[in-house]
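Here the structure of chain E is known, so what remains is to put chain W in place on it, guided by the hints.
Protein chains: 2
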Amino acid sequence: MTTGSAIFPPQASRAEVEGGMLFMPKFDAEGLIPAIVSDSETGQVLMFAWMNAVALERTLATRTAHFWSRSRRKLWLKGEESGNVLHVEDIRVDCDQDVLLVVARLAGAGVACHTGARSCFYRAVDLQPSAEGPFALKPSGTKPLPPTS
Amino acid sequence: MTTGSAIFPPQASRAEVEGGMLFMPKFDAEGLIPAIVSDSETGQVLMFAWMNAVALERTLATRTAHFWSRSRRKLWLKGEESGNVLHVEDIRVDCDQDVLLVVARLAGAGVACHTGARSCFYRAVDLQPSAEGPFALKPSGTKPLPPTS
Chain E
560 MTTGSAIFPP QASRAEVEGG MLFMPKFDAE GLIPAIVSDS ETGQVLMFAW
610 MNAVALERTL ATRTAHFWSR SRRKLWLKGE ESGNVLHVED IRVDCDQDVL
660 LVVARLAGAG VACHTGARSC FYRAVDLQPS AEGPFALKPS GTKPLPPTS
Chain W
560 MTTGSAIFPP QASRAEVEGG MLFMPKFDAE GLIPAIVSDS ETGQVLMFAW
610 MNAVALERTL ATRTAHFWSR SRRKLWLKGE ESGNVLHVED IRVDCDQDVL
660 LVVARLAGAG VACHTGARSC FYRAVDLQPS AEGPFALKPS GTKPLPPTS
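If you're matching them up, the sequences are chains E and W in order.
Under the numbering used here, the first residue of the first sequence is numbered 560, with each subsequent residue one higher.
Under the numbering used here, the first residue of the second sequence is numbered 560, with each subsequent residue one higher.
The shape of chain E in the complex, shown without the other chains (with noise of 0.2 Å):
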């Protein structure tokens, strides 16, 4: 599904979608487009989610990042409750113009995930014992929780 709306055009050419310099965010069936947050100070793949058009509206306006909740079926304004907002920084664009890797700075406690930890990926499968599974997990490289003050 592409929006079409003045703010964001629907795609053209292949040509313009790959190599133009507009922006044509591609929605897919849903009316959403996948979003990967990364932490401007260290480069850290913090969370994964989705916007949607409005979405997407509210956080090139405010430049604080906005999410749709496929769960909750509404918008969020991500840290709305628990403070730790995103404060987009550079919103980048994939090739086909269907992902998006927003880059933002973490306020509040530095937190991204629900769970407390910086980054949502704060677990990795653990390779060695087996390559047939079931696979265990592990404590990923995560750096450690900055101080809550």
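Keep in mind the hints are simulated off the structure, nothing from the lab.
Bear in mind that the values here come from a model prediction, so they are computed numbers and not experimental data.
Please note that a few of the clues may not be correct.
Any copy will do: because identical chains look the same in the list, a pair fits if it lies in one copy or spans two.
Below, a list of computed lysine-lysine pairs in the BS3-like style, where the Cα atoms sit at most 25 Å apart [unchecked claim]:
| id | residue 1 | residue 2 |
| --- | --- | --- |
| 1 | LYS633 | LYS697 |
| 2 | LYS585 | LYS697 |
| 3 | LYS585 | LYS633 |
The following block gives chain W in isolation, referenced to the frame of chain E:
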């Protein structure tokens, strides 16, 4: 959808999924899980793709990234034709185990994107001129390609 295979057991309680040390990846209604790929050398996000259970199984068994191509509806060994294979060094999973972060070393010409760019995220939204859109893109801070010899 959860495959519930011996390799990828079905998701248990939320506490187990978020805090446990067993890999229980959750596949969506189409049997897919999002996979973010980052560069093990730079931490840069290189690309975004989807895996089904078979692609994930092959990735774990071979330590070489396999994906499911939604457009071609087939299993896809990344770099099979181009030689730009992704050697997997780490597979991280997010809090609810429904997104993967694949940390990989780029082989071949050091190019992850089919356009010839190292990263698919070679453009960023120009946030300066207008908060209302449409928005222009600009080259992102992506590092230039290494010499291809």
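Hints versus structure:
1. In this assembly of identical chains, the alpha carbons of LYS633 and LYS697 never lie at most 25 Å apart, being 33 Å within a copy and 31 Å across copies at closest.
2. In this assembly of identical chains, the alpha carbons of LYS585 and LYS697 lie at most 25 Å apart only when taken from different copies (18 Å versus 36 Å within one copy).
3. Both within a single protomer and between protomers do LYS585 and LYS633 lie at most 25 Å apart by alpha-carbon distance, with minima of 20 Å and 22 Å respectively.
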